[in-house]
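K.L.:
Protein chains in written order, with the numbering used here: chain E, 48 to 306; chain L, 349 to 700; chain S, 112 to 418.
Worth flagging that the hints you see were computed from the coordinates, not collected in a lab.
On a predicted model such as this, the values are computed, not experimentally measured, just so you know.
You may find that some hints are simply not true.
[To be verified] Derived DSSO-like pairs (lysine-lysine); straight-line CA-CA distance at most 30 angstroms: (1) Lys460(L) with Lys123(E); (2) Lys248(E) with Lys223(E); (3) Lys243(E) with Lys280(E); (4) Lys223(E) with Lys243(E); (5) Lys656(L) with Lys202(E); (6) Lys123(E) with Lys264(E); (7) Lys123(E) with Lys202(E); (8) Lys656(L) with Lys223(E); (9) Lys202(E) with Lys60(E).
Next come the chains, spelled out residue by residue.
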Amino acid sequence: MTNVSDALLTLDKVGKRFGGLTALTDVSLHIKRGEIYGLIGPNGAGKTTLFNVVTGLYQLDSGAFDFAGQRYTQSKPHLLAQAGIARTFQNIRLFSNMTALENVMVGRHLRTSTGIWGALTRNATARAEERHIVQRARELLDYVGITTAHQTLAKHLSYGEQRRLEIARALATEPKLLALDEPAAGMNATETVALKALLQKVRADGITVLLIEHDVKLIMGLCDRVAVLDYGKKIAEGVPEEVRRDPAVIAAYLGGEAT
Amino acid sequence: MKLHRPANRHLALAAILLVLPFIIDALFGHGWVRIADFALLYIMLALGLNIVVGYAGLLDLGYIAFFAVGAYTYALLGSPQFGLHWPMWVTLPLGAIIACIFGVLLGAPTLKLRGDYLAIVTLGFGEIIRIFLNNLNAPVNITNGPQGISGIDALQVGGFSFGESHQWLGVRVDDVHLHYYLFLAFTLLVIFVSRRLEDSRIGRAWVAIREDEVAASAMGINTRNIKLLAFAMGATFGGISGGLFAGFQGFVSPESFSLMESIMILCMVVLGGMGNIGGVVLGGVLLVALPELFRHAAGPVQQMLLGKVVVDPESLRMLMFGLALILVMLWRPAGLWPSTQRRRELNTEEGA
Amino acid sequence: MDIFFQQIINGLVQGSVYALVALGYTMVYGILGLINFAHGEVVMIGAMIALAVLQALLAAAFSPVLAVLISLMMAMAVCMALGYSIERIAYRPLRNAPRLAPLITAIGVSIVLQNLAMMIWGREYHAFTLPFNSVSHQIGGAIVNDVQIGIVVVALIIMAGLLWLVHHSRMGRAMRAVAENPAAATLMGVDINRVISNTFMLGSALAAIAGFMVSVNYGIVHYYMGFMLGLKAFTAAVLGGIGNLRGAMLGGVLLGLIESLGAGYIGDLTGGFLGSHYQDVFAFFVLIAVLVFRPSGLLGEKLAERA
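Only chain E is shown next, with the shape it has when bound in the complex (with noise of 0.2 angstroms):
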C-alpha cells in the first residue's frame, strides 16, 4: 500500500466520547500529501467530530493522530493551524462584522509578526507588512472567485461567496493541509462546478485536501481516496468506485446493519 513517509495526517485509533456516548471508536487511517481525501457517512456518523479532534477543537480520549512528522494527543487549535492544518466549518463561521477582505486578512495573522510596537509607531517593517497582507489577501479573494466584493461585511455575501471566502481566509493561513467540512452544502450545481475546479487548483498548488461532503457525485469527481463513518467508525476506506460498490457501505446507507 502506501507509504509512511507519504503521510501527512494519520490517525492512530483515535477515539472521543462525550458523556457516555462515543462519537470514534478507533478511528484509523491516513491521508497522503498532495491527494484529495473525502470523508462520508450518514449524519451523525462523527465527520465533524473527527474533524474537531484533528484541529484542536476537541481533545481526544485515547489513540493519538500525526501530522507532518509530529505526534499529536492533546494541542489546541491555534497550534495545529500553526502546524499547517486549516479549515471551514459546515456551518460557516466568519467574521460576520468584518469586511470579506479583513476576514482573510486575519488568516493572516499566523504568518504575520507585527506587534503593539510596529501597530503604533507604524515603522517601515510594520508597514510593508501591512501591504503584504492587504495584497495576499486580495490575491486569495481573486484566487476564490470574489472579485468585487473585498470592501462586503461578511454577513452580507451571498451564501456561496461565504463559503468560498471562509476557503480563502483558511489559505490565507498558508495550510499543508485544507479541511473543509461540507463545502458545497446550500450550493447551487454551477457554484458546485465552481467549487469543483477550486478545489483542484488547491491540490495542485500542492495542498492536501481533507473534504467532508454529502454530494455523492462531488466526492466521486473530485476525490483520489474516501473513507466512510458510520457510528464513529471507519467502515470503508479506499478509492471512489471500490468503496462505493462496498456492501457495508450500501447497508450503512440504507439504514441496514453494518457488518
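Assemble the complex: chain E is given as a structure, and chains L and S must be docked to it using the hints.
P.N.:
Here is chains L and S on its own, set in the frame of chain E:
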C-alpha cells in the same frame, strides 16, 4: 483639493477644541469647565474599556478597579499620607504599569471564561479592590480607609503646576482650563493609540475574537494571549486616567470607584457605539453632561411648573437619566454611532 | 464552637434568600441569555410594597396573620406585574439587538426603580417587623428564632414547588423547551413570548417573597437594599452554574454559608489582619476560585463548542 478637505476639517476641530474651555466658561461658567475636564477623563476611561469590550468583546464590569489602582498609586506616592512627593512623570507611568499588571493578574486565570461568567468575575474583582481600599487603614494604615487620601500633589511638569492659575500675555488661565488642555492632550494620545491599534494585525485579531472565538483560534490566533493583551491595554489606559484624576481632584476615596462607576463607563461605550472611537467619545460626553444638565434642570423646572420642589431633585435627575438610557437603547440598539456605519463611510470614501 | 453553629444558621437563612433571588436570575438567563440587572430592584420593590400594605392593614385592625398573608400576596402581584412590564418595555424590543443593548436597558430600569423608590419612600431606613412574637430557641449553643426557621422552611417549600413546576407542568415543559432551543420550540407550537413573560413573572414572584423574607430577617427596608442583594444573588447563580435551577439553589445556600463563616472566621484566619468587613471579598474570592477551576460553575454543564 481633496487632500485639503480633511486637513481643513482637522484644523477647524483643533481650533474649536483649543478655545472650547473659554467658550464654556463664558457661556455656562467655571463649573462647566470642570465638568469638561471630567468628561475628558471619562472619555479616556471609556476608550480604554472600548478596547476590552468594543474590540475584543470581553464584558468587563469591574473596569473602574484599574482607574482606582492608577489613582491610588499617584495618591500614595504624592501626598502627605507617606510624606512622599514623587514627580508626576514617575507616578503616572508607574500607576499605568501597576494597573497593567493587575489586568494581567486578573485576566490570566479568568479569560478562558465565557462571556457573562467573565462579567461577574470582573465585577467581583472590582469590588475586591474597592473593599480593600476601604479597609486597608487597619491594622496598618495604607489607604486611610473610607476617609480617603487628601492633599494630593497637583499635576506638575518640571516647575509648571497645573493646579494654579497662570498669566500669559495678560490672559489669566485658570487651573481648570490648564487641566483641560492636559487631559485633552492625553485623550488625543489615547485616541491615537486606539486608532493605530484598531487598524493593525492586533486590532483585527481582537475583532475576530469578538466575532467568533472558535473561528479565530482555528485561524491560528492564540486567543488567550490576544485577549490578555486587550485586558492589559485597557487596564493601562485606566491606570493613566486614574493618576490624572487623583492629581486633578487632590483627593481620592474608595467611593469614587464603586460598581456604579464601572457601569457608567460601560454605558458610555455601549450607548455611544461599541468599537467605534467617535461613538465612544460621544457616549462619554453625553453621559457626563446629561446628569449634570438634569441636575440643573430637576429643581428649577419643578419650581417653575409647580411653584415648589415636590420631589427630591437628586433622585429625579437619576430617574431621568435611567429613562434616557432605556430610551436611547430602544431607539438605537447598536448605539448612537455604531462601528459598522463608520465602516460604510470608509468604504464609500474608498470607492469614490 | 457555638459561633460555628450560629454562623451556619445565619448562613442558611441568608442563603435561602439568595437562592430565591438567584432563581429569578437563572431562569431568565436560561431562557434569554440575559443578565436581568433590574432583578435586585424587583426584590426591593417587593419588600416596600409588602411593608406599605402590612402597615395599612394593621392600621385597619386586620388580624396579624391575615395582614401578613395579604401583604405578601400584594407584593407578589405587584412584582409580577412589574417583571412583566420590564420585559415588555425594556427587553422584548431588543431581543435581536446586539448582546449588550438589553444589559444597558436593564441598568436603566434598575436606576429608574431605585430612584422611584427613593422618591416614594425616601432615603431613610424603615423598620419592618412582623406583627407577632418571634420566639427564640436554643439549639446546640446557637440561637434561632421562629422567623429564621420560617424563612428556611418556606424557601425549601418554594424551591421544591418550583422544581416540580418546571419538570412536571405544561408551563415548565414549555420553559425548558425554549431554554433548550427557541427555534425548535416555536416550531412545536410553543408561544415563546408567553413563556418568557411567564418566566419573568415567576421570577418576580420569587423576588417578592425573598424581599419579604430578607426584610423581616433584618427588620429594615431601604431603597438601596436591592442592589447589593441582587449582586450577591447573581453571584450565587453563577457560582452554581447559571441557567441551572438546582445550581442557583446550591449557589445561594453556599454563598450564604461562605459569607457567614467568612465573616465569623476571617479575622482568625488572617491573624487579625483582615476583619469582618472583608466578608464580601471572601464571597468574590470564592467565586473567582470556583470559576477558575470549574468555568461553568458548580452544577453548570460544560457546553461543548458547536463547531
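K.L.:
Quick one, are Lys123(E) and Lys202(E) close enough, alpha carbons at most 30 angstroms?
P.N.:
Satisfied, since the Cα-Cα distance of roughly 27 angstroms is no more than 30 angstroms.
K.L.:
If you draw a straight line from the CA of Lys223(E) to the CA of Lys243(E), is it 30 angstroms or shorter?
P.N.:
holds, 19 angstroms
K.L.:
Take a quick look at whether Lys460(L) and Lys123(E) sit within 30 angstroms of each other, Cα to Cα.
P.N.:
Holds: Lys460(L) and Lys123(E) sit about 13 angstroms apart, inside 30 angstroms.
K.L.:
Holds or violated: are the alpha carbons of Lys243(E) and Lys280(E) at most 30 angstroms from each other?
P.N.:
holds, 28 angstroms
K.L.:
Given the proposed pairing of Lys656(L) with Lys202(E), does the C-alpha separation stay at or below 30 angstroms?
P.N.:
violated, 56 angstroms
K.L.:
Is Lys123(E) within 30 angstroms of Lys264(E), Cα to Cα?
P.N.:
The hint is violated at about 34 angstroms.
K.L.:
Between Lys656(L) and Lys223(E), does the CA-CA distance stay at or below 30 angstroms?
P.N.:
violated, 78 angstroms
K.L.:
Holds or violated: are the alpha carbons of Lys202(E) and Lys60(E) at most 30 angstroms from each other?
P.N.:
Judged against 30 angstroms, a Cα distance of about 39 angstroms means the pair is violated.
K.L.:
Run the distance test for Lys248(E) versus Lys223(E): straight-line Cα separation, threshold 30 angstroms.
P.N.:
Measuring from Cα to Cα gives roughly 14 angstroms; hence the hint holds.
When held up to the earlier numbered hints, the structure conflicts with 5, 6, 8 and 9 and fits the remainder.
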